[in-house]
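**Student:** Here are the chains, one letter per residue:
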Amino acid sequence: MDVSVSMSGIAKRFGTVRALAGVDFELRPGEIHALLGENGAGKTTLMNVLYGMFPPDEGSVALGGREVRFRSPQDAIAARIGMVHQHFMLVPTLTVAENAVLGERGGRLLRRRELAAVSARLGELAERYGLDVDPQARVWQLSVGEQQRVEVLRALYRDARVLILDEPTATLTPIETERLFPKLRALAAEGASIVFITHHLWDVIDWADRITVLREGERVGTLRPADSSPEELARMMVGRDVRLMRVVAGDAAPVDEPPTSPPKHDSDAAAPTLAVSGLNARGDRDTVALHDVSLSVAPGEILAIAGVEGNGQPELEETLAGLRTPEAGTVRLEGRDVTRADPAERMRLGLGLVPSDRYRRGLIRELSVADNLAFDRLGGAPFGSEWRLDRKAVASHAAELIERFSIRVDSPDQLAGTLSGGNAQRLVLARILSRDLRCLIAAQPTRGLDVGAIEFVWEQLAAARDRGVAILLISTDLDEVMSMADRCCVMYRGRLVVDWSRELLDREKVGLAMGGATNGAPPEPARSAT
Amino acid sequence: MAVSQAAARPLWLPPRSRGLKAGLSSLGALALSLVVGGLLIVIAGGEPVSAYSSLIDGAFGSPYGIGQVLVLAVPLLIMGLGLALAFRGRVYNIGAEGQLFMGALASGAVAIFLPVGVAPVLIAVSIVAGVAAGAAWGGIVGVWRARWGVNEVITSLLLNFVAILIFTWFVRRPLRAPGSPDLQGRAIDPDAVLPTLPDVAVHIGVFVAIALVPLAAYLMASTPFGMRVRMMGFNAEAARTAGVRSGRMVIGLMLISGGLAGLAGSLQILGVAGRLDLGISQGYGFTAIVVALLGRLNAWGVLLAALFISVLQSGGQAMSVTEGLPYAIVLAIPGVFVVFLLIADRLARG
Numbered sequence: 001m002d003v004s005v006s007m008s009g010i011a012k013r014f015g016t017v018r019a020l021a022g023v024d025f026e027l028r029p030g031e032i033h034a035l036l037g038e039n040g041a042g043k044t045t046l047m048n049v050l051y052g053m054f055p056p057d058e059g060s061v062a063l064g065g066r067e068v069r070f071r072s073p074q075d076a077i078a079a080r081i082g083m084v085h086q087h088f089m090l091v092p093t094l095t096v097a098e099n100a101v102l103g104e105r106g107g108r109l110l111r112r113r114e115l116a117a118v119s120a121r122l123g124e125l126a127e128r129y130g131l132d133v134d135p136q137a138r139v140w141q142l143s144v145g146e147q148q149r150v151e152v153l154r155a156l157y158r159d160a161r162v163l164i165l166d167e168p169t170a171t172l173t174p175i176e177t178e179r180l181f182p183k184l185r186a187l188a189a190e191g192a193s194i195v196f197i198t199h200h201l202w203d204v205i206d207w208a209d210r211i212t213v214l215r216e217g218e219r220v221g222t223l224r225p226a227d228s229s230p231e232e233l234a235r236m237m238v239g240r241d242v243r244l245m246r247v248v249a250g251d252a253a254p255v256d257e258p259p260t261s262p263p264k265h266d267s268d269a270a271a272p273t274l275a276v277s278g279l280n281a282r283g284d285r286d287t288v289a290l291h292d293v294s295l296s297v298a299p300g301e302i303l304a305i306a307g308v309e310g311n312g313q314p315e316l317e318e319t320l321a322g323l324r325t326p327e328a329g330t331v332r333l334e335g336r337d338v339t340r341a342d343p344a345e346r347m348r349l350g351l352g353l354v355p356s357d358r359y360r361r362g363l364i365r366e367l368s369v370a371d372n373l374a375f376d377r378l379g380g381a382p383f384g385s386e387w388r389l390d391r392k393a394v395a396s397h398a399a400e401l402i403e404r405f406s407i408r409v410d411s412p413d414q415l416a417g418t419l420s421g422g423n424a425q426r427l428v429l430a431r432i433l434s435r436d437l438r439c440l441i442a443a444q445p446t447r448g449l450d451v452g453a454i455e456f457v458w459e460q461l462a463a464a465r466d467r468g469v470a471i472l473l474i475s476t477d478l479d480e481v482m483s484m485a486d487r488c489c490v491m492y493r494g495r496l497v498v499d500w501s502r503e504l505l506d507r508e509k510v511g512l513a514m515g516g517a518t519n520g521a522p523p524e525p526a527r528s529a530t
Numbered sequence: 001m002a003v004s005q006a007a008a009r010p011l012w013l014p015p016r017s018r019g020l021k022a023g024l025s026s027l028g029a030l031a032l033s034l035v036v037g038g039l040l041i042v043i044a045g046g047e048p049v050s051a052y053s054s055l056i057d058g059a060f061g062s063p064y065g066i067g068q069v070l071v072l073a074v075p076l077l078i079m080g081l082g083l084a085l086a087f088r089g090r091v092y093n094i095g096a097e098g099q100l101f102m103g104a105l106a107s108g109a110v111a112i113f114l115p116v117g118v119a120p121v122l123i124a125v126s127i128v129a130g131v132a133a134g135a136a137w138g139g140i141v142g143v144w145r146a147r148w149g150v151n152e153v154i155t156s157l158l159l160n161f162v163a164i165l166i167f168t169w170f171v172r173r174p175l176r177a178p179g180s181p182d183l184q185g186r187a188i189d190p191d192a193v194l195p196t197l198p199d200v201a202v203h204i205g206v207f208v209a210i211a212l213v214p215l216a217a218y219l220m221a222s223t224p225f226g227m228r229v230r231m232m233g234f235n236a237e238a239a240r241t242a243g244v245r246s247g248r249m250v251i252g253l254m255l256i257s258g259g260l261a262g263l264a265g266s267l268q269i270l271g272v273a274g275r276l277d278l279g280i281s282q283g284y285g286f287t288a289i290v291v292a293l294l295g296r297l298n299a300w301g302v303l304l305a306a307l308f309i310s311v312l313q314s315g316g317q318a319m320s321v322t323e324g325l326p327y328a329i330v331l332a333i334p335g336v337f338v339v340f341l342l343i344a345d346r347l348a349r350g
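In order, the protein sequence lines correspond to chains S and P.
Counting from 1, one number per residue, gives the positions in the first sequence under my numbering.
Counting from 1, one number per residue, gives the positions in the second sequence under my numbering.
By construction, these hints were calculated from the structure, which means they are not laboratory data.
These numbers come from a predicted model, not from an experiment.
One thing to keep in mind: the hints can contain errors.
What the hints assert, rightly or not - So, partial list: chain P residues that the calculated Cβ filter (under 7 Å) puts toward chain S: (1) LEU219; (2) SER222; (3) THR223; (4) ASN235; (5) GLU237; (6) ALA238; (7) GLY243; (8) ARG245.
Every residue, glycine too, gets a C-beta built ideally from N, C-alpha and C.
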């Protein structure tokens with residue numbers, strides 16, 4: 001059998017953490033090969049080894065039967081391997097063409113004529129593979145989907161025959177995802193080998209030729225989608241049976257009346273726990289990020305804010321939590337105006353935030369798990385007083401929450417930075433849900449988590465809702481929105497564009513609205529291409 | 001990626017190498033810096049072994065020598081503790097020198113003019129005035145940063161010069177010693193002069209300094225305030241999200257570190273100079289930064305670092321006299337030490 005890449009017995013440790021323990025991986029020309037596994041299973045590490053980011057501790061890599069040792073990604077690129085990282089490696093202020101040649105030519109400036117040649121070649125490639133991107137466009141002007149195409153294009157420009165994509169669907173709209181895979185298929189048809197890393201079962205089932213599942217640094221198996229089922233794959237990933245929640249919607253009762261009325265304000269009878277009206281805020285680059293956002297969440301209700309990344313969700317999250325000052329509008333918590341209150345004051349009034357960036361906002365890596373579970377409530381009972389921190393109380397509090405939220409730790413004194421993504425999120429949830437909450441802002445609570453952890457987070461959110469907490473769920477994950485929402489708004493370019501109740505929720509419509517289409521109209525054309 | 005994370009790690013947490021390994025790397029760095037110091041001595045035409053032995057002799061050879069080490073250690077220790085606390089919260093107060101001088105000015109003015117006949121009361125009031133003035137001078141910087149996000153490194157650094165100029169003006173003009181032509185300020189009320197221990201000639205401020213060490217250690221490790229400071233230092237965003245009021249914390253840390261610098265200035269006036277005098281600090285506010293870093297922002301570490309540096313500096317003066325070597329060599333050693341220490345940390349991280 002023809003083999004383009006063969007990795008055997010790859011082992012890699014980071015300090016005391018075993019990332020890979022003797023993994024074999026094989027790639028054939030013309031195939032789309034999915035690398036599936038939970039967070040921390042070693043998928044990205046394995047591909048980073050192939051891409052020359054770091055050498056393996058043990059094992060060997062062979063290309064077309066010849067053993068290779070890459071000392072850097074440069075070597076890998078020279079060997080025609082390309083990688084599209086989860087977080088794009090593009091310079092926003094440069095054009096697509098400039099980005100494509102970046103790092104190629106020892107720092108010399110490109111002459112205009114050369115750049116024109118580069119653009120022409122990029123245009124040609126773009127046309128051939130249907131990756132429509134304008135080579136002259138500056139990267140900051142492009143949407144996330146377009147930027148991803150630029151990354152793919154750049155790899156092709158460098159003649160990649162092996163293309164690695166790390167979580168390519170994580171930041172795309174459902175529509176963009178559906179557009180990406182046929183293009184990868186076309187590439188593979190020309191003999192390229194494509195690896196995509198994912199923890200989304202559905203991507204895998206629909207698009208991969210072969211699937212390799214990793215768990216805890218070991219290869220569980222390699223199989224074809226036709227020979228498997230989602231349940232089996234989930235079991236292989238997690239190592240136990242998992243209740244899968246692929247969503248009800250889509251098959252739900254058809255809706256005649258498209259309820260695309262603007263978001264209703266204050267119309268509900270029950271006094272809302274969270275009431276926001278006319279909120280305007282600017283983003284970090286001083287662009288207007290929130291336009292006249294109004295919403296209300298009743299006790300015991302989950303209002304989902306669906307939307308593709310980059311439409312104002314972080315600003316909404318921050319403004320509601322008191323981390324960003326709005327330019328106009330009011331935020332009320334149980335009737336009390338908290339528009340100007342700081343985070344501490346809002347927390348005192350019963351607001352909790354599960355931040356979208358759990359490592360930047362949710363926890364402190366350098367502190368122990370026990371400290372992380374208590375640090376938002378120090379200075380009073382049961383943790384001593386302002387003058388004394390009761391370490392014993394902190395420890396017993398930690399033991400209790402670790403048990404209740406099944407956080408997997410060796411010891412409560414372990415640094416929080418050593419936890420895997422799913423466990424880190426359990427820790428954040430444990431701290432926040434153990435507060436006396438009235439209202440919870442859960443921003444991207446399952447981003448980057450594996451199936452098992454997602455299940456856990458959803459259960460916890462549902463339990464909080466059932467206790468009467470008003471929950472605002474900000475999510476880019478359509479599955480999550482469809483499974484959790486009692487009501488759903490879609491956020492598009494800083495505005496809330498629709499407000500649907502559970503019965504009226506329809507997967508297709510929400511997906512379209514996330515792309516900017518409401519009322520059945522086609523999406524607004526994006527700035528340049530598409 | 002891994003590299004940038006390691007580089008961003010605060011200084012006082014040598015990852016995966018606490019305890020023995022950190023101790024060994026510190027000792028290695030110390031040995032290397034003494035070797036470099038020896039080389040400098042050779043270059044200056046001296047003989048390292050006899051130079052170092054005269055340094056040791058100067059520092060420990062007589063009760064007076066030991067006393068001088070302690071007297072010098074007092075301001076370094078007091079300021080080093082305050083700076084260590086502030087640095088833990090990533091509040092980089094570079095203005096201890098200026099805060100010391102403002103504390104000295106206020107404390108001296110009280111000790112000159114306040115008509116209280118009772119010595120302990122006069123001393124207490126004078127010290128409180130010094131602490132308050134230092135705290136205020138630091139607090140301004142804290143307010144600027146908390147309100148308008150002005151970088152405290154720049155403002156606190158520049159305020160040093162303002163403070164020293166204000167102090168100088170007072171010493172030259174309104175508070176000049178009567179009949180004195182040069183830069184001598186007025187002598188303080190004899191009642192305000194701190195008692196001195198016999199033989200060693202150490203003022204009793206040394207007890208204050210020593211008592212502050214366990215206090216600071218407790219504050220850093222065992223209070224909610226100390227935890228919040230660490231939270232800010234490790235991850236200011238997460239701290240803010242968890243309800244830590246960062247503005248207040250910044251102001252608080254500037255007040256504390258400024259107040260301690262003011263205390264150091266006050267003790268220099270009442271215990272060492274006995275008058276308003278520009279010579280009360282030879283850049284001690286800056287040396288205290290090195291003390292805080294060498295002590296790894298740990299209270300007990302700061303104690304060791306303050307003693308180490310004052311042995312070097314105090315003994316070094318004796319060395320430069322007996323061996324005819326430039327004093328600057330001695331001043332170079334702690335600097336070289338810090339550099340080696342940082343390199344050793346980096347290597348220990350792998």
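**Student:** Does the interface hint hold: is SER222(P) within less than 7 Å of chain S, judged Cβ to Cβ?
**Tutor:** holds, 5 Å
**Student:** So, as I understand it, the hint says ARG245(P) touches chain S; can you test that by seeing if any CB pair is closer than 7 Å?
**Tutor:** Constraint on ARG245(P) satisfied, holds at 6 Å.
**Student:** Quick check on THR223(P) please, does its C-beta sit within 7 Å of some C-beta on chain S?
**Tutor:** holds, 6 Å
**Student:** Per the CB criterion, is LEU219(P) less than 7 Å away from chain S?
**Tutor:** LEU219(P) check fails; min Cβ-Cβ to chain S is 9 Å, beyond 7 Å.
**Student:** Regarding the hint that ALA238(P) lies at the interface with chain S, is the smallest CB-CB distance below 7 Å?
**Tutor:** Since chain S brings a Cβ to about 5 Å from ALA238(P), closer than 7 Å, the hint holds.
**Student:** Can the hint on GLU237(P) be confirmed by a CB-to-CB distance to chain S that is less than 7 Å?
**Tutor:** holds, 5 Å
**Student:** Is the hint on ASN235(P) kept, meaning its closest Cβ partner in chain S is under 7 Å away?
**Tutor:** holds, 5 Å
**Student:** Given GLY243(P) as an interface hint, is the shortest Cβ-Cβ distance to chain S below 7 Å?
**Tutor:** With Cβ-Cβ at 4 Å, under 7 Å, it holds.
Comparing the model with each earlier hint shows a violation of hint 1 alone; every other hint is respected.
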